[in-house]
Amino acid sequence: MEHKRLDKRSIEFRKKILRMVDSSRRGHIGSALSAVEIVRVLYEDVLRVDPRNAAWPDRDRFILSKGHGCLALYAALAEKGFIGDKELPGFCRFDSILGGHPQYGKVPGVEASTGSLGHGLSVGVGIALNGKIDKKDYRTFVLMGDGECNEGSVWEAAMCASKHNLSRLIVMIDYNKMQCYGPTCEVQDLEPFADKWRSFGFNVKEADGHDMAELRGILKNTPFDDKKPQAVICHTIKGKGIRSLEAHAPSHHKSRISDEEMKSLFNELEIPG
Amino acid sequence: MRKTCLNEIYKLAKQDKRVVFFGSDIASGTLSQFREEMPDRFFMEGVSEANIVGVMSGLAMNGKIPYLNTIAVFLTRRCYEQIFLDAAMHDLKIRLVGSGGGLVYAPLGPTHLAFEDISLMRAIPNMTIVAPCDSEEMKRLMPQTLDREGPMYIRLGKGGDPIVSSPDKDFRIGKATLMREGADALIITTGVTLKMVLDAAAGLKNKGIEAAVLHMHTIKPIDSEAVMKAARKVKAIVTVEENSIAGGLGSAVSEIAAEAAFSPAKRFARLALPDAFPAKYGSQEQLMDFYGLTTEKIISSVGNLLKR
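Residue numbers (the working numbering), protein chains in the order written: chain A, 1243 to 1515; chain B, 135 to 442.
Only chain B is shown next, with the shape it has when bound in the complex (with noise of 0.2 Å):
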């Protein structure tokens, strides 16, 4: 996912002379044929996230559209007064590309690992947010980032996900795509945990539940529309996200879901990861495992709320 998403950079890039790529220190050799062919729009900038997202914000004041690509944790966490006021407040066009959003650094520990990327996202005013789920849907939404207004948070699986997108499904930053129909349940996903949540509509199919799958890929602004429209005929709403509980998706579908005020009400769970520093190493999976972000338990959670 990620070399796609540089892939279409550099592409952007040689369309459209105000594309200019930063990095701070990332593997050797990345986008080199941007940096032979395109010399003075492409910058390794060392590790200094803050004075990078200010310098980019200097470059889009003057019509540039800069994208960053640098591990999640050191995008966000670090620089978020400049993504705060040097780019949101002005409403600037810059593309912020987090690799190895949620659990994907998992053997390097919580310094590394992005668990609340969105949550502080999401707290920023004109900020656009999408997690593609797949190389071929990062494919169909990299060409719509040039024209987008306002900063934008791109964030990277670990790559070689299985592809679940589909080209039949129109792709447009800031419209869910609902995947799958279904009457019973509704689950809510974004980013690659969509693939789990399709699988466990599969599942629970075999089990005569049909669930509808709506995958959100903006998670802001959110689509509220398409939320409510699917979730009106089902009994109950489960959102799966590997970000933490505390800010993610699933706190921005049950505002949707507690405003709505559904008649009966909908049953409602949240799948996430928990607010607290994650506390184990080995693999993304074991930690998905450790923290209930699993194909079973995404059946268990919906059957059991169908069950109340």
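So here's chain A without its partners, still in its complex pose (with noise of 0.2 Å):
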């Protein structure tokens, strides 16, 4: 797939996650950098949110389920206003509000704690089915990783959310194709991806991860299916934007990030994609 150039905020987006890895010289990298632009559609254009009244009962709800992808979503609360700049490079620090995965509770608009794997779609299931017993219409979006797709508790939720007919729960699926310790086709090979989710009874569709168009055309109309629980699955490439990074297994998670390397990490966010 050719994937399209970084637009200007993306760019902007990517720096503020990595002031954020910055201040605490660690993160899970290349896991946020590939979530970018499906978290940025979701909070600019598509979530019914309210930053200042962050419990809202008609609220649309977004749960990233692949928790260790966290530093995307700070850097998209701090841009909705859910909280403010100054608490960005407090990253994993002892009396911070953000830590290495998000928790419900401490940060405002986190509708979740996830951090294990294969827990948030069970979770979004839930909201979805209390949506439907209520009566209300907002949606439940999940973002999971491709490796979590290897929890098999992930296939007892969609199996769940087809069987109650969940229109109005939307899963994501950051489809980078590179977990924690190589290639998804080497590890766990998750193909034919799509068609295993039809199987399950959801409504697919396929979409380049980085392009915000294509992914807001996707997204805005949700739902797509009156009937079926829906999945997007976006492909991206792990660590996008910074190339030594990008497809590359050992950006999944970094510690003890040298002064040089951090700036060439910033230096190679300047090379157009």
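Take these hints with a grain of salt, some might be off.
As the list claims (entries may be wrong) - No farther apart than 20 Å at their CA atoms in a straight line, the calculated lysine to any residue pairs in the SDA-like style are these:
id: 1; chain 1: A; residue 1: Lys1378; chain 2: B; residue 2: Lys137
id: 2; chain 1: A; residue 1: Lys1348; chain 2: B; residue 2: Arg169
id: 3; chain 1: A; residue 1: Lys1374; chain 2: B; residue 2: Arg175
id: 4; chain 1: A; residue 1: Lys1378; chain 2: B; residue 2: Arg175
id: 5; chain 1: B; residue 1: Lys151; chain 2: A; residue 2: Asp1376
id: 6; chain 1: A; residue 1: Lys1377; chain 2: A; residue 2: Asp1468
id: 7; chain 1: B; residue 1: Lys367; chain 2: B; residue 2: Leu312
id: 8; chain 1: B; residue 1: Lys151; chain 2: A; residue 2: Gly1323
id: 9; chain 1: A; residue 1: Lys1405; chain 2: B; residue 2: Arg169
id: 10; chain 1: A; residue 1: Lys1377; chain 2: B; residue 2: Val181
id: 11; chain 1: A; residue 1: Lys1405; chain 2: B; residue 2: Met178
id: 12; chain 1: A; residue 1: Lys1378; chain 2: B; residue 2: Gly197
id: 13; chain 1: A; residue 1: Lys1405; chain 2: B; residue 2: Met172
id: 14; chain 1: B; residue 1: Lys137; chain 2: B; residue 2: Met172
id: 15; chain 1: A; residue 1: Lys1405; chain 2: B; residue 2: Asp357
id: 16; chain 1: A; residue 1: Lys1405; chain 2: B; residue 2: Pro259
id: 17; chain 1: A; residue 1: Lys1405; chain 2: B; residue 2: Ile160
id: 18; chain 1: A; residue 1: Lys1405; chain 2: B; residue 2: Val298
id: 19; chain 1: B; residue 1: Lys137; chain 2: B; residue 2: Arg169
id: 20; chain 1: B; residue 1: Lys367; chain 2: B; residue 2: Asp357
id: 21; chain 1: A; residue 1: Lys1348; chain 2: B; residue 2: Phe218
id: 22; chain 1: A; residue 1: Lys1378; chain 2: B; residue 2: Pro173
id: 23; chain 1: A; residue 1: Lys1377; chain 2: B; residue 2: Lys151
id: 24; chain 1: A; residue 1: Lys1348; chain 2: A; residue 2: Tyr1380
id: 25; chain 1: A; residue 1: Lys1470; chain 2: B; residue 2: Asp174
id: 26; chain 1: A; residue 1: Lys1374; chain 2: B; residue 2: Lys367
Keep in mind that the hints were calculated from the coordinates and are not lab data.
Using the hints, put the two chains back together into the complex; each one sits in its own frame.
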């Protein structure tokens, strides 16, 4: 798939992420960078949320089930005004509200604490089921990682979602094809991935996960099925935007990043993709 | 006890729209009236306990109070992380009703024996653990489950257990019930073993030993004040539980007693299941007997401690 070049805002967004990484010298950088455009589109164009009333009962819900990608979520929550920019440099520090995985109750706008994989979709099913029982029209978006889909609980939740015709539940998969150890096709191949979701009763669309316009076109028009839950498989690149990290398994998580490496990460962002 | 518990859930659901029922793949016809009358709040979701606890958590985040009934081992072991993170970490009001606590499913073997469910649940922050002694106590417990914050594990016995609780004793979650006073020894138990403990106390009386009996229906949070108060006068403390010796009621009470630093020190014994996979089949009674959970063993344990 030919991926689009990143726009200026996507570069700025990534700088925000790097500044958080800079302050703690650690983080799941590659996993956050692949999800930037998905998270941006959600918060800029799709989610019906109000930072001044984070608990608004009719709000759309977003669960970052791949909680390790939280650097992207924190940047989006800051841009949207749920948290102040001043919180960002605290990433992973002792007294910070921003940990290495997002926590409900600590970070305004975070719907559920995540970090252990394979939990978010079940919780999302419960939230969507609640909407169905109470005849609410809010939507529930769940963003999962591809490696996360190795978990059996994901497929229990998928069966449950389609059994209850949760058409206001939208699953997105950040399919960067690289998990912690190496390529997903080697560690635990997910293919035929779209067919799997179809066979579990989902209406499936695929998109370039770095193409804002394409993502916007799909996600703004959710639900695109009035009976089935929906899955949007977003084809992405791990570490997108920083050439040395792209499609590189070790970019999944980094710690003890040196001054030199940090400088080089910032410099690489300036190189047009 | 299970039937009473489920019937109470039905009654709670009739009066409170927040109540939702979940089962995994339990006996056909369970709560059929609930299903007929409140189909939008009745869910039978198949053999997928981990998913069910996650789904219940999503509902509880939005104000529902979901009750789940399934076999205790699958409810505790299989979905431990979902209980731990999705429910307990968010401090959500979900109710986990475990059928066959302890050795109830003796003929089915260790895969079905919840011999460490209490220990597992004790390690979870925010959790409340309750093991009623009979169906009458269950009736007093269930209305209180609507208001208590956080997740709760309710351990069910086999059913048809003799009634030993009394409406005269105030039942409150978190407050132990002193069933009998006594100045020589204190026996503390939880759940259906209360019956054999009361029988043992009667037997001890015939030998001239006055044993107090404390029913710790709520194992977490444990009523340490009640333990301290009842323990003050006695020479010996014995705990009795149909749970592993590792991490259950006996562990909780011994922690309290050790930190209390009684002077003179109390003599102490724990009667529990061994920290081992149950080795036999047969019936619950046979296994209880095999592991020394009997009235006679309680009597001799108390007698031996007092003789020392």
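Each hint, compared with the structure:
1. A:Lys1378 with B:Lys137: Given pair Lys1378 of chain A, Lys137 of chain B is violated - Cα atoms ~34 Å apart, limit 20 Å.
2. A:Lys1348 with B:Arg169: With Cα atoms ~38 Å apart, Lys1348 of chain A and Arg169 of chain B exceed 20 Å; violated.
3. A:Lys1374 with B:Arg175: Holds: Lys1374 of chain A and Arg175 of chain B sit about 11 Å apart, inside 20 Å.
4. A:Lys1378 with B:Arg175: holds (15 Å)
5. B:Lys151 with A:Asp1376: This hinted pair holds, its Cα atoms lying about 10 Å apart.
6. A:Lys1377 with A:Asp1468: Status holds; Cα separation ~14 Å.
7. B:Lys367 with B:Leu312: This hinted pair holds, its Cα atoms lying about 14 Å apart.
8. B:Lys151 with A:Gly1323: violated (35 Å)
9. A:Lys1405 with B:Arg169: holds (17 Å)
10. A:Lys1377 with B:Val181: violated (27 Å)
11. A:Lys1405 with B:Met178: With a Cα-Cα distance of about 11 Å, the restraint between Lys1405 of chain A and Met178 of chain B holds, given a limit of 20 Å.
12. A:Lys1378 with B:Gly197: Satisfied, since the Cα-Cα distance of roughly 14 Å is no more than 20 Å.
13. A:Lys1405 with B:Met172: The hint holds at about 18 Å.
14. B:Lys137 with B:Met172: holds (18 Å)
15. A:Lys1405 with B:Asp357: Distance of about 44 Å is beyond 20 Å: violated.
16. A:Lys1405 with B:Pro259: violated (33 Å)
17. A:Lys1405 with B:Ile160: holds (18 Å)
18. A:Lys1405 with B:Val298: violated (44 Å)
19. B:Lys137 with B:Arg169: Since the Cα atoms of Lys137 of chain B and Arg169 of chain B sit roughly 15 Å apart, the hinted pair holds (cutoff 20 Å).
20. B:Lys367 with B:Asp357: Holds. Lys367 of chain B to Asp357 of chain B sits at ~18 Å (cutoff 20 Å).
21. A:Lys1348 with B:Phe218: Judged against 20 Å, a Cα distance of about 18 Å means the pair holds.
22. A:Lys1378 with B:Pro173: Cα-Cα ~18 Å, so holds.
23. A:Lys1377 with B:Lys151: Holds - the C-alpha atoms of Lys151 of chain B and Lys1377 of chain A are around 14 Å apart, at most 20 Å.
24. A:Lys1348 with A:Tyr1380: violated (23 Å)
25. A:Lys1470 with B:Asp174: Between Lys1470 of chain A and Asp174 of chain B the Cα gap is close to 18 Å, so the pair holds against 20 Å.
26. A:Lys1374 with B:Lys367: Roughly 58 Å between the alpha carbons, so the hint for Lys1374 of chain A and Lys367 of chain B is violated.
Hint violations for this structure: numbers 1, 2, 8, 10, 15, 16, 18, 24 and 26, all remaining hints satisfied.
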